[in-house]
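Turn these sequences into a full structure, and let the hints steer you where they fit.
There are 2 protein chains.
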Amino acid sequence: MKEKYQELLEYRNSIDNIDSALVFLLAERFKITKKVGYYKREHKLPAGDPNREENQIDRLKQLAITAQLDPEFTKSFLKFITTEVIRHHKHIRETGSL
Amino acid sequence: MKEKYQELLEYRNSIDNIDSALVFLLAERFKITKKVGYYKREHKLPAGDPNREENQIDRLKQLAITAQLDPEFTKSFLKFITTEVIRHHKHIRETGSL
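For the protein sequence lines, the chains are A and B, in the order given. Taking numbering that gives the first Met the number 0, the leading residue of the first sequence gets 0, the next gets one more, and so forth. Taking numbering that gives the first Met the number 0, the leading residue of the second sequence gets 0, the next gets one more, and so forth.
One thing to keep in mind: the hints can contain errors.
Unchecked claim - Below 25 Å or equal to it, Euclidean Cα-Cα: the simulated DSS-like pairs (lysine-lysine) are:
#1 LYS30/A x LYS60/A
#2 LYS60/A x LYS30/B
#3 LYS78/B x LYS43/B
#4 LYS74/A x LYS34/B
Unchecked claim - Rough simulated footprint, nothing fancy, chain B against chain A, three-plus residues with beta-carbon under 8 Å:
#5 14 to 21
#6 30 to 37
#7 56 to 66
The set of hints was computed from the structure by calculation and includes no laboratory data. Yeah, the Cβ is synthetic: ideal placement off N, Cα and C, and Gly gets one too.
Shown next, in the form of structure tokens:
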């Protein structure tokens with residue numbers, strides 16, 4: 000039984016490592032989208048860009064298939080991130096800062 | 000104006016690279032949680048584990064602060080992922096496969 004429990008611990012250690020990597024990658028992603036937000040404000044571009052988003056979804060769904068990840072989950076994931084990004088962009092447009 | 004547009008393209012290229020990395024990391028994460036799902040079925044453990052989830056949230060919020068990522072967004076992000084994982088675990092428990 001102890002050996003089995005050890006197996007679960009090992010899975011969880013790997014999940015924790017991946018989660019750390021995800022957090023640091025997301026932090027970098029938001030640093031860049033923040034710059035995009037300022038750029039859009041400067042150039043009076045809208046906070047969202049449906050064409051760009053559609054292309055992102057298509058590209059990531061293809062990548063998901065290669066990676067054996069559920070493409071529909073990948074779409075929801077991108078939507079989840081993009082919703083936060085658009086919220087940031089609107090905030091930057093309205094207030095000049097984030 | 001062309002130079003400015005170039006700047007936006009460069010931001011977007013970096014975002015695309017990060018998104019690719021996120022997709023491949025998520026794919027690996029779900030490979031491991033799938034194993035956890037089978038493990039839990041075998042050992043008759045529940046699909047979710049509130050203690051484990053609480054610890055994960057605390058740990059990732061601390062990491063988020065280090066990475067300059069919004070801790071509350073990080074919490075929502077983990078919740079988003081965990082909801083999908085628990086759905087998988089329930090499916091594995093009920094059907095024996097994913």
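**Request:** Return the numbers of the hints above that this structure violates; sort them in rising order.
**Result:** Of the numbered hints given earlier, the structure breaks none, since each of them holds.
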